[in-house]
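Read top to bottom, the protein sequences are chains A and B. Going by our numbering, 7 is the number at position 7 of the first sequence; the sequence numbering is gapless. Going by our numbering, 81 is the number at position 81 of the second sequence; the sequence numbering is gapless.
No wet-lab data here; the hints were simulated from the structure. Don't take every hint at face value.
Taking lysine-lysine and the DSS-like style, the derived pairs with C-alpha atoms no more than 27 Å apart in a straight line are [stated by the list, open to error]:
{"id": "1", "chain 1": "A", "residue 1": "K118", "chain 2": "A", "residue 2": "K142"}
{"id": "2", "chain 1": "A", "residue 1": "K346", "chain 2": "A", "residue 2": "K137"}
{"id": "3", "chain 1": "A", "residue 1": "K129", "chain 2": "A", "residue 2": "K142"}
{"id": "4", "chain 1": "A", "residue 1": "K129", "chain 2": "B", "residue 2": "K107"}
{"id": "5", "chain 1": "A", "residue 1": "K137", "chain 2": "A", "residue 2": "K122"}
{"id": "6", "chain 1": "B", "residue 1": "K107", "chain 2": "A", "residue 2": "K4"}
{"id": "7", "chain 1": "A", "residue 1": "K118", "chain 2": "B", "residue 2": "K107"}
{"id": "8", "chain 1": "A", "residue 1": "K336", "chain 2": "A", "residue 2": "K154"}
{"id": "9", "chain 1": "A", "residue 1": "K222", "chain 2": "A", "residue 2": "K68"}
{"id": "10", "chain 1": "A", "residue 1": "K118", "chain 2": "A", "residue 2": "K129"}
{"id": "11", "chain 1": "A", "residue 1": "K142", "chain 2": "A", "residue 2": "K336"}
{"id": "12", "chain 1": "A", "residue 1": "K122", "chain 2": "B", "residue 2": "K58"}
{"id": "13", "chain 1": "A", "residue 1": "K24", "chain 2": "B", "residue 2": "K107"}
{"id": "14", "chain 1": "A", "residue 1": "K184", "chain 2": "A", "residue 2": "K262"}
{"id": "15", "chain 1": "A", "residue 1": "K184", "chain 2": "A", "residue 2": "K336"}
{"id": "16", "chain 1": "A", "residue 1": "K122", "chain 2": "B", "residue 2": "K107"}
{"id": "17", "chain 1": "A", "residue 1": "K346", "chain 2": "A", "residue 2": "K68"}
{"id": "18", "chain 1": "A", "residue 1": "K240", "chain 2": "A", "residue 2": "K154"}
Just so you have them, the derived chain A footprint on chain B, three or more residues with Cβ under 8 Å [said to hold, decoys possible]:
{"id": "19", "segment": "23-36"}
{"id": "20", "segment": "58-67"}
{"id": "21", "segment": "96-106"}
Facing chain A, according to a computed beta carbon distance under 10 Å, are these residues of chain B, among others [what the hints assert, rightly or not]:
{"id": "22", "residue": "L49"}
{"id": "23", "residue": "R70"}
{"id": "24", "residue": "L71"}
{"id": "25", "residue": "D72"}
{"id": "26", "residue": "F110"}
{"id": "27", "residue": "T112"}
Even for Gly, the Cβ is constructed at its ideal location relative to N, Cα and C.
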Amino acid sequence: MEIKAFTVADLRTVLLSEDFWHTKTLPITKHRAISYSQNPRADNDDPVLLVAYQDSQVIGYLGILPDKIFVNDAVYKFGWLTGWWVDPSCTNTGVGAILLFKALNAYQQQLGVSGGSKEARKVLDASQKFVALRTLKGLDIKFRLNVTGAILRKRPALKIFRVVFKIFDDMMDEIVNLRNFFWKRRNDICQGLTFEYISFIDEETGQFIQRHHQHDLTRKEKADLNWIMAYPWILSAPLKDSAGQRYYFSSRSNRFFYLGVKVLAQDGQMVGFFMLKVRDDRMSLVYSYFESQHALSIAAAVVYQALAMDVSALSLYDEQLVASFPELGCPYWSAKGISRGFSLSKALADVPLANYRLHGGDGDLAFY
Amino acid sequence: MFPWQTTAYMAETAISLFIKSSESWRRHLAKHEEITRMLFNVIDELNELRPAEEHLEKNLVAPLTGDSGRLDSAGLINLIVLTEQQTAEELGRPILLTDDRTLSQVKEVFGTLGTLAEYIQRLLSEKRDG
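This is chain B alone, in the form it adopts within the complex (with noise of 0.2 Å):
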C-alpha cells in the first residue's frame, strides 16, 4: 500500500468517525431534550398536586432534594412514580427508579431535574444496548 493511500484510509476513518459520534451526539442531544421534555411535564403534573407556594420549577439546575431541595418524601414518591408513568407514556419504555441500584444514590439522582435527565439517558442507553 502506497503512503499517500494510508493516509486517505486514515482521513476516511476519521471522517466517517467523527460523522458516526456527531450522529451518535445529536441522537444524544435529541434524546436529552426528549426526556426534559417529558420531565417539565411531569412537573406541571407535580405542581397541580401541590400548593401554588410549593410549585416547582421547570429548572434543570434548581434543586429538588437536598438542604435547599423543595420535595419532602411524598413529593419524592410522587416525581418517582409519575416520572416511571410518563416515560413509558412517551418515550415508550419502562425504566425503574426504586431498585436499590437507584435508592443507593437518591442524592445524585435526584438532585435535580438535570441530574434526572441524564440518569434516565443512562438507563434507557443501558436498556438498548442490554
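Next up, chain A with everything else stripped away, as it sits in the complex (with noise of 0.2 Å):
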C-alpha cells in the first residue's frame, strides 16, 4: 500500500494529466479537484487530498479542506476533514486509519470534523484526538409532504402506485398553496424590506459580512463566499456521469444552486444577507448575517424563498432564526428539531473559544 499526498499545486498538475483520472475508482472529482486548488484559504503547498493506492488502484482517500479560526486578534490554520472513503475490501487492512493519522501528521495535529458518517465518527472516537465543540441546533421545516418520495423509498416496488401517489401530492401542494397565499396576504412579516439576488459577493455585501462576523469561528469573508458560489462540488445535471459512478460521494444533482440575498430596507440600507444552497427539492441557508432587530423579518425572507422556489424542505442552523420561526405562524407539515455536531482536534483544545458562532454551512457542509 502506497499513501500519495496531493498539494494544492499537485493537484492544478492533476487536472492537466491524463493517467490520474483513469483508475477504477476516483478520490475525487474534477470540479471538486478545481475547488480544492481554489480556495482562498489554502497554499501552495497545503496537503488537500491523501489517497491510498494499492497495485496502482485506489483503496482509500481522504480530503482536507484548509480553514481558519479566528479568535480575538489571533488566527488558528487547520483543516476540515471531508470526503473520507475506504474501499469495503480493505477495511481490515487499516487504511482508514492510516488516512486520518497521516492528516493528522500533516496539519500539526490540527484538525477539525463537521457532520461526518457513523463509521467516520466511531473512527475518530477511537482516535481520541477530538473534541466535540457545541452542537449546532437547528430546524427542518417540510413545506411540502411528498408522499410519493417517502413511500417508495421505504418500498421501491409500490412504483406501480406512483401515479396515485403522485395525484395525492398534488392535491396536498394545492392545499399547501392556498394556505401559503393565505399566510402571504395576511401578514406583512417582512415589513417593506426587499431583496436583491446576487451571484457573488459585492463591495457592499463584503463590507456587510465583515462588520457582522466578529464572533464567527471561521470569520467567513467576500472571497470565501465567492469561493463557495464559484466552485461547487456538486453539477446541476441529469444524469450521473462516467466519473460520478466512479466517485463514492456526490457529484451531482438535478438541481444545484447557491443563492446570495441582500435585504434591504425601504430607504435602501442594507439589513441582512443570507446565503442559500439549493439541492433538488432541499433548501438550507448555509451563512447568514443581519442586525438582531431584523431577525424576525430576515426568517420571513427565507421563509419566503423557499416558498417561491417551490422546495420541499428548509434547513435552518441560525439561532436567531430558529427561535423567530415560531413567530412567523407560517404554514409547513413538520418542523423537526436537527443537529450538527463538530469537532476539533485536541490539539486545539487550547484555543479559548467562547462564543464564538457557527453556521450551517461550516466545514464542508456548505458544498453538500
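Given two chains presented individually in distinct reference frames, assemble the corresponding complex, making use of the accompanying hints.
Here it is as C-alpha cells:
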C-alpha cells in the first residue's frame, strides 16, 4: 500500500494529467479538484488530498479543507476532514486509520470535523484525538408532504402506484399553496423589506459581512463565499456521468445552486444577507448575517424564498432565525429539531473558544 | 607477550563477551516478555470494547490486520491508542505509533501481536540508545 499526499499545487498539475483520471475508483472529481485548488484559505503546499493506492488502484482517500479559526487577534490554521472513503474490501488493512493519522501529522494535529458518517465518527472517537465543539441546533421545516418520495424510498416495489401517490401529493400541494397565499396576504412580516439576488459577493455585502462576523469561528469573508459559490462540489446535471459513477460521494444533483440574498430596508439600507443552497427540493441556509432586531424579518425572507422556489424542505441552523420561526406562523407540515456536530482536534483544545458562532455551512457542509 | 598469555587474554575476552551478550539477551527476553504482557492487557481492554464474537486472541502469531485480520480502522486505532497509553503506564516510557515512519509500515508492524511487540521493543531500545 502506498499513500500519496496531493498538495494544492499537485492538484493543479493532476487536473492536466490523463493517468490520474483513469483509475477504476476516483479519489476526487475534476470540479471538486478545481474547488480545492482555488480555496482562498489554502496555501500551495497544503496537502488537501491523501490517496491510498494498492497495485495502482485507489483503495481509500481523505480530503482536507484548509481553513482558519479566528480568536480575537489570533489566527489558527487548520483543516476540515472531508470526503473520507475506504474500499469496503480493504477495511481490515487499517487504511482508514492510516489516512487519518497522516492527515493529523500533515496538519500538526490541527484538524476539524463537521458532521460525518457513523463509521467516520466511530474511527474519530477511537482515536481520542478530537473534542466535540458546541452542537449546532437547527430546524428542518417540511413545507410539502412528498408522500411519493417517502413511500418509494422505503418500499420501491410500490412504484406501480406512483401515479396515485403523485396525484395525492399534487392535491396536498394545492392545499399548501392556498395556505401560503393566505398567509402572505395576512402578514407583512417582512415589513417592507426588499431583496436583491446576487451570484457573487459585491463590495457592499463584503463590508456588511465583515461588520457582522466578529463572533464567527471561521469569519468567512467575501473571497470565501465567492469561492463556495463559484466552485461547487455538486453540479446540476440530469444523469450520473462516468466520473460520478467512479466517485463515492455526491457529484451531481438534478438541481443545485447557491443564491446570495441581500435584504434591504425601505431606504435602501442593507439590513441582512444570507446565502442559500438549493439541492433538488431542499433548501439550506448556509451563511447568514443580519442586525439582531431584524431576525424575524430575515426569517420571513428566508421562508419566502423557500416558498417561491417551491422546495419541500428548508434547513436552518441560525439560532436567532430558528428562535424566530414559530413567531412567523407560516404554514408547514412539520418542523423537526436537527443538529450538526462539530469537532476539533485536541491540539486546538487550548484555543480560547468562547461565544463563537457556527454557521450551517461551516466545515464542508456548504458544499453538500 | 607469551603465546599462552595471548590465548588466555582471548579466552577471557570471549567469555566476557559471551556473558555480556547472554545478559543482554536475557534482558532482551525479559523486556519482550514485559511488552507481551502489556500487549495482552491491551487486548483485554480492547476486547471489552468489542462484541464477544469479535474478541481478539492473546496470541502472538494470530493476524491482526490484513486479509485474515480482525481489526477494522476503528479497531486498529483503538489498538494504537491503548498501546501508546499502556506503554507509557506499564513500561514507563511513551512511544508514538502514529508517526509517518510507523504509518509507512502498518502491515509489517501491526500484522500480529508478535510483530507489534518486536517493533515496540525496537522503539524502546532506540529511545534508550538515542
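Violated hints, by number in ascending order, as checked against the structure: Checked against the structure, the hints that fail are numbers 3, 19 and 27, while the rest are satisfied.
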